[in-house]
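Trainee: Residues per chain, in single letters:
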Amino acid sequence: EAQVTQNPRYLITVTGKKLTVTCSQNMNHEYMSWYRQDPGLGLRQIYYSMNVEVTDKGDVPEGYKVSRKEKRNFPLILESPSPNQTSLYFCASNLRRANTGELFFGEGSRLTVL
Amino acid sequence: SQKIEQNSEALNIQEGKTATLTCNYTNYSPAYLQWYRQDPGRGPVFLLLIRENEKEKRKERLKVTFDTTLKQSLFHITASQPADSATYLCALGYSSASKIIFGSGTRLSIRP
Numbered sequence: 128e129a130q131v132t133q134n135p136r137y138l139i140t141v142t143g144k145k146l147t148v149t150c151s152q153n154m155n156h157e158y159m160s161w162y163r164q165d166p167g168l169g170l171r172q173i174y175y176s177m178n179v180e181v182t183d184k185g186d187v188p189e190g191y192k193v194s195r196k197e198k199r200n201f202p203l204i205l206e207s208p209s210p211n212q213t214s215l216y217f218c219a220s221n222l223r224r225a226n227t228g229e230l231f232f233g234e235g236s237r238l239t240v241l
Numbered sequence: 025s026q027k028i029e030q031n032s033e034a035l036n037i038q039e040g041k042t043a044t045l046t047c048n049y050t051n052y053s054p055a056y057l058q059w060y061r062q063d064p065g066r067g068p069v070f071l072l073l074i075r076e077n078e079k080e081k082r083k084e085r086l087k088v089t090f091d092t093t094l095k096q097s098l099f100h101i102t103a104s105q106p107a108d109s110a111t112y113l114c115a116l117g118y119s120s121a122s123k124i125i126f127g128s129g130t131r132l133s134i135r136p
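Top to bottom, those sequences are chains A and B.
Per the working numbering, the first sequence starts with residue 128, numbered consecutively.
Per the working numbering, the second sequence starts with residue 25, numbered consecutively.
Worth flagging that the hints you see were computed from the coordinates, not collected in a lab.
Everything numeric in this text was worked out from a predicted model, so none of it was measured.
For glycine and all other residues, C-beta sits at the position ideal for the given N, C-alpha and C.
Careful, some of the hints might be misleading.
[Stated by the list, open to error] Just a few of them, taken from the derived set where beta-carbon distance is under 8 Å, the chain B residues facing chain A:
#: 1; residue: Y52
#: 2; residue: R61
#: 3; residue: P64
#: 4; residue: R66
#: 5; residue: G67
#: 6; residue: F70
#: 7; residue: A110
#: 8; residue: I124
#: 9; residue: S128
#: 10; residue: S133
#: 11; residue: P136
[What the hints assert, rightly or not] Some chain A residues well away from chain B (every beta-carbon gap over 12 Å; in silico):
#: 12; residue: T142
#: 13; residue: R237
#: 14; residue: L241
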């Protein structure tokens, strides 16, 4: 089954404790992206990757890092989480480089930073 | 910067009627526009894409229009059903940029 898998789905952590949210897709998609969703603000892009070893900042990259060492995986790293990073996070992928097609989303990771 | 506005209030529709959701944007016209459905606690699911040179697109009970003069897209669900209740997101894509910008969504409730 074609899917985007995120882990963990739920996480409560404390300020400053490094964490990684994993994302994996099994569709051989070139494009992958991370979004955060907050009430009233919609989905905002954090980082995206056009292909292996190619990543770029989205609209809200501060406090986040990503890597794309393999085509299927695109982990999101919070080196020193802060309470304002409490949010619902989505990973998404798309087949085409130009990203003109549909985005396939994971089920989301709800992060709480105390 | 680009702004996208969707009905901020929830939309309540009687079953069987047509639901119409609005997506307005400012500034630059996108190369294409997409609509997604999102259920509570789930990731968005793609529904339809319409390009800047298309006026209308249909898929089963769904219809999308795109007016680049008005800078507006309308999303219609005909013969609405309670199962159509969800939040619907509008998203704009630009061929020169590698990202899609999302609106904050409209919550639609279909009452039996």
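Trainee: Tell me if the interface restraint on R66 of chain B is satisfied: Cβ within less than 8 Å of some Cβ in chain A.
Mentor: Nearest chain A Cβ about 6 Å off; hint holds.
Trainee: Does the claim that R237 of chain A lies off the interface hold, with its Cβ farther than 12 Å from every Cβ of chain B?
Mentor: Check fails; 8 Å does not lie beyond 12 Å.
Trainee: Interface hint check: Y52 of chain B, Cβ to nearest Cβ on chain A, cutoff 8 Å. Holds or violated?
Mentor: 15 Å, violated
Trainee: Holds or violated: is there a CB of chain A closer than 8 Å to the CB of G67 of chain B?
Mentor: 3 Å, holds
Trainee: A closest beta-carbon separation below 8 Å is what the hint needs, so does F70 of chain B meet it against chain A?
Mentor: 4 Å, holds
Trainee: Next item in the hint list is R61 of chain B. Is there a CB on chain A closer than 8 Å to its CB?
Mentor: Cβ of R61 of chain B sits 11 Å from chain A, so the hint is violated.
Trainee: Given A110 of chain B was flagged as interface, is its beta-carbon under 8 Å from a beta-carbon of chain A?
Mentor: Cβ of A110 of chain B sits 14 Å from chain A, so the hint is violated.
Trainee: Once the shortest beta carbon distance from P136 of chain B to chain A is found, is it less than 8 Å?
Mentor: Where the cut-off is 8 Å and the nearest Cβ of chain A is about 28 Å from P136 of chain B, the hint is violated.
Trainee: At 12 Å, judged by beta carbons, does T142 of chain A keep clear of chain B as stated?
Mentor: The claim stands: T142 of chain A keeps its Cβ more than 12 Å from every Cβ of chain B (closest is about 25 Å).
Trainee: Is the shortest C-beta separation between S133 of chain B and chain A less than 8 Å?
Mentor: Cβ of S133 of chain B sits 18 Å from chain A, so the hint is violated.
Trainee: Classify the label on L241 of chain A as holds or violated, using whether its beta-carbon is more than 12 Å from each beta-carbon of chain B.
Mentor: Nearest chain B Cβ is 21 Å from L241 of chain A, so the label holds.
Trainee: For the restraint on S128 of chain B, tell me whether the closest CB of chain A is nearer than 8 Å.
Mentor: 4 Å, holds
The structure does not agree with the numbered hints 1, 2, 3, 7, 10, 11 and 13 stated previously, though it agrees with the rest.
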